[in-house]
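*Asks:* Sequence:
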Amino acid sequence: MPELPEVETTRRGLLPHVEGRRVERVLLRRPDLRWPIPREVEELLPERRIDAIRRRAKYLLLDTAAGSALLHLGMSGSLRVLPEDTPVRAHDHVDIALESGRVLRFNDPRRFGCLLWQAPGETHPLLAGLGPEPLSGAFDGDYLFELSRGRKAPVKTFLMDQSVVVGVGNIYAAEALFTAGVSPLRAAGKVSRERYAALADAVKAILAHAIARGGTTLRDFVGAGGEPGENGEYLLVYGRDGTPCPRCRTKVRRRVDQGRATYFCPTCQKR
DNA sequence: CTCTTAACCTGGACGC
DNA sequence: TGCGTCCAGGTTAAGA
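Going by our numbering, 217 is the number at position 222 of the first sequence; the sequence numbering is gapless.
This list has only true hints and no planted wrong ones.
Only pairs whose alpha carbons sit at most 20 Å apart, straight line, appear in this in silico SDA-like list of lysine to any residue:
1. LYS185 / PRO149
2. LYS199 / ASN165
3. LYS199 / ASP137
4. LYS199 / ALA133
5. LYS147 / LEU180
6. LYS185 / ALA197
7. LYS265 / THR238
8. LYS199 / TYR229
9. LYS199 / GLU128
10. LYS185 / GLN253
11. LYS265 / ASP252
12. LYS265 / LEU180
13. LYS265 / SER187
14. LYS185 / THR174
15. LYS185 / THR262
16. LYS265 / CYS243
17. LYS185 / ASP137
18. LYS147 / LYS185
Worth flagging that the hints you see were computed from the coordinates, not collected in a lab.
Just so you know, these numbers come straight off a predicted model, no measurement behind them.
Let's have the full structure, built from the sequences with the hints guiding it.
*Replies:* Here it is as structure tokens:
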């Protein structure tokens, strides 16, 4: 579920409640999510102050002097700040209780998310090899153009490859390709420099707008205060097969490519 | 290297 | 009401 805007929305919602707070205790209701939760989470996090909450790609890092808790929301995860006596619901897997009387609660029905640990000064293997942040200056059309030469895989797959650029998932890839007028099925290596410039601009604009609207909620996602994101109402093609293209009124098409549903306008996206 | 596919897991929607 | 099938925002591991 959560792509960059949803993770960033979560980070911003957690910030005022979590940053600078001391952890009182950690409660694991199961020993694993996608992977086993390392012992450092239980052993090193309690009594530590959370100095900062950072986002890298779709990961959140809770920084302490002893190291950083590394979280990923997977497809269905959410992190909320709640009063500590809030009743537990299904799939509430982890509580990080704070001295403030509130609890940071990790809920994840499908358990594709993870909670790992990064030692001070180290880079977790999952963070090594990630591409640039899409909202940074390191990401632009020329970067995409140069990196894509010779690539035969579809440009949508290329755009969702976290070693190419981070944070773009199935929803925002479809939206950006539509906005840039690029066919999701075109080989990445066949897209022109001009189209990549438009695509990079579209990625930046679409992600920034989605963050401003608190992310997209299709099913599970809620922000740190439990509120759904409002960006779903602004999607142009994702999930809208059969409805008129907002630009030319041709019916938006859905097809499955590389095992993922993709949505596009066959008239507007030919390049 | 690049690319493709299966796998992980649960729940909701839909057809019969 | 119940059951089978398909689908879902992500990522990795394994194989070609």
